[in-house]
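Add chains D and R to chain C, keeping to what the hints say.
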Amino acid sequence: MAEFPLKHVYEAQQFDRNLLDTVFQVADDMKRDMEEGGRRYGQALAGRIMASLFYEPSTRTRFSFEAAMLRLGGSIITTENAREFSSAAKGESLYDSTRIMNGYADIIVMRHHEAGSAEKAAQVSAAPVINAGDGAGQHPTQALLDLYTIKDHFAEVNKLKVAMVGDLKYGRTVRSLSYLLTKYSGIQIFFVSPSVCRMESDIKGYLDKEGVPWEEGTDLDSVLPRVDCVYMTRIQRERFIVPEDYDQAVGKYILTPEKVMKMKADAIIMHPLPRLNEIPQAVDADPRAHYFEQAQNGLYIRMALLCLLLNAA
Amino acid sequence: MAEFPLKHVYEAQQFDRNLLDTVFQVADDMKRDMEEGGRRYGQALAGRIMASLFYEPSTRTRFSFEAAMLRLGGSIITTENAREFSSAAKGESLYDSTRIMNGYADIIVMRHHEAGSAEKAAQVSAAPVINAGDGAGQHPTQALLDLYTIKDHFAEVNKLKVAMVGDLKYGRTVRSLSYLLTKYSGIQIFFVSPSVCRMESDIKGYLDKEGVPWEEGTDLDSVLPRVDCVYMTRIQRERFIVPEDYDQAVGKYILTPEKVMKMKADAIIMHPLPRLNEIPQAVDADPRAHYFEQAQNGLYIRMALLCLLLNAA
Amino acid sequence: MAEFPLKHVYEAQQFDRNLLDTVFQVADDMKRDMEEGGRRYGQALAGRIMASLFYEPSTRTRFSFEAAMLRLGGSIITTENAREFSSAAKGESLYDSTRIMNGYADIIVMRHHEAGSAEKAAQVSAAPVINAGDGAGQHPTQALLDLYTIKDHFAEVNKLKVAMVGDLKYGRTVRSLSYLLTKYSGIQIFFVSPSVCRMESDIKGYLDKEGVPWEEGTDLDSVLPRVDCVYMTRIQRERFIVPEDYDQAVGKYILTPEKVMKMKADAIIMHPLPRLNEIPQAVDADPRAHYFEQAQNGLYIRMALLCLLLNAA
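Protein chains in written order, with my numbering: chain C, 1 to 313; chain D, 1 to 313; chain R, 1 to 313.
By construction, these hints were calculated from the structure, which means they are not laboratory data.
Be aware that one or more of the hints could be misleading.
Where chains are identical, the list cannot tell them apart; a pair therefore holds if satisfied intra-copy or between any two copies.
Said to hold, decoys possible - Derived pair list, reagent style BS3-like, types lysine-lysine, alpha-carbon separation capped at 30 Å:
no. : residue 1 : residue 2
1   : K262      : K252
2   : K259      : K120
3   : K31       : K7
4   : K183      : K7
5   : K151      : K264
For reference, chain C alone in the conformation it holds in the complex (with noise of 0.2 Å):
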């Protein structure tokens, strides 16, 4: 039986070093459980209720969560339509919906439009409950699947050298990301982005306060050589002013198949998905592709953090 002193996850910020590798561990625990055919985790769950409940759509990281309390032999509710909740009731507050759902569902799968969502939620909430993205706030398990995916690969995650390519400005994952990264020692980070979608200053004052250097420019080329992991993400026209910029900047951050060549034989590439164009699909054969893989360790994550807050880890 594994501690875990969090009742619920609704922020990266929760996470120690000791919390990361607690829930790495049990993930990992859950992958090998799952290719032996689930003998260990299958009924871990079983009995409980995990409502899903969701007021924007967001199929995928849906799935992931239904899919991982499934495996543990856990049951579901769940609506995408979770505005209703409130709309037929013209103002029903979230402190409500949320104290309902405790006499329905043992933990609570929240997605919600507004940034703190799950956070207040959790404030009046008897059964755990878990961000799964609310709004420009916060979506943790995709940041700790984010990192158990460079965890999973390099064994070690300390020395590492993570480029992160792309909409830095406004992407949840690469903020959350650099945050956790700061738990290990000997870290540098590569921001590369166009100069309309830098990182913003919080997030590296933060790294110049952890003491985790970095350095930030327009060039992938010069980067990739360099670095250990290539985390992509998508460029959006809506940050350009002139489509023109667009146009030149989104053919620089493209991962082409001979820019791969650039990097190093056993270095990773990572993206949230879905992604674009921004990683063609001629570089999944690639054996530093490890997109697909990072989807389904969001599986493993999930299935840990249910445990964990369930108790049943």
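Frame of chain C; chains D and R shown alone:
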């Protein structure tokens, strides 16, 4: 094994005093069993399928039924999109939809926008049909859980004084509760509402016929000290022609902590939820506040009905 | 353990006579086992997850597949909102969606608005893919359940005379059924339709090539006494340029009780459902009416395919 003569549940009028006693006793069993980890009933409906056939969304009601089915070990097929059944077909009858559902599910929970739909479906369904609300018509499981909440608290329903407050004209719940209270003796009912949303004369006539004394008025304060149960409901702005009338009315029917102090010490406050501002959150901590427990009781009532209709109680 | 060489099911053309026999035999097993309480197959797919990936709603088909999976002890993740997969991503490929689903589910049931999608998904999916209808393309499980209903009633398909009535030009079901009937000997087919929605020449050519005699006409009454099976379909107003033509046509193809009396005593009436007025409700009580049984047979066919594809039959 409890005796249960009903094949379907589509309206509150199907329940006489004996049936109410049966349902409430099984609900008591369910509640106790849930608190003990579901040893007795946790697999009572294993292998059975419940179809949630919702022609309009009602996440709260749907979740309550689905959690009930899952707690009993059953499984679920679900849609909040059942209108598509007929729209795709450009006019398939409820009759056909119901007969087809009989091929898939062992029990059907139906929410429909037209009054009378559940009863119509029941007439042609081999599988039990439970009405989860049909338009301006019936919502019998809500009526049962309301009455069960009263019985659960007071042990005995006879001789209770019940106030119903707010929109009594359009509120399904207060109409059905008034009806069911006639099954008990010594009941007194107080209708408190703005004059534009008074209880309709059909219910009042029925109470007269059954010998249940009732009073009607617009003043909440004078009623509060006299009753054992205050059943609050939402007042909707649309009911008022003159906006100022609404503004004036709505304030009168807010059950503030000050008003709660006028209630008897062992009285209870109920509300079908969702609430707006008619019960401020500050009242939630008062031991008389029973509305979240009332929502929770919906689970036990629905578990009881599922078991009784499927001969598993 | 039945031999089953298919990894995916995306079109009726994958099925030769041997495969049809295998599927129908397993469907027979499923039907018998269901009638006996599911002792043999009730846990056949325990621990397996089926993803219902519907890019457009089709509650009926979805419920049929999901009930099949649940009856086999499996579990389900489901969406009728799968377009969001790609719309959120502003263009994610079916390829990526499918690969990600492989991380969550053991088998994928896909409904798509574009012909050919299921086969495309199958090409990149490690998990079996079943086509639950792709636009104007294929709906192979419907074709199988249609043929199974004929076989189930007559025991032997060879030598049957089958009439197909209504919109034969746009109807997927009659096209696929015609194709599959060529796998049997001594078949005769009668196409009965308004001249604007005649069976297309590709199917007629295929019947000629396979040596299956067919006739074509507009008169239903003369065909009814000659056939063993009358397969009715909806005629859609949109097919007609002149509204009066529609009004005249539609009346000719209503299978009234009077017309049913012209049929052989042991013939059967089929319809893929939903129906409009082409079969009046008064016909339902006739022993020749088999359309609700046909819908029910969909359950057994889908249970059979799920088991065969997951090597559990």
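Against the structure, the hints:
1. K262 <-> K252: within (15 Å within a copy, 72 Å between copies)
2. K259 <-> K120: between (44 Å within a copy, 29 Å between copies)
3. K31 <-> K7: both (23 Å within a copy, 25 Å between copies)
4. K183 <-> K7: within (21 Å within a copy, 45 Å between copies)
5. K151 <-> K264: within (17 Å within a copy, 62 Å between copies)
Against the hints set out earlier in the document, no violation occurs for any number.
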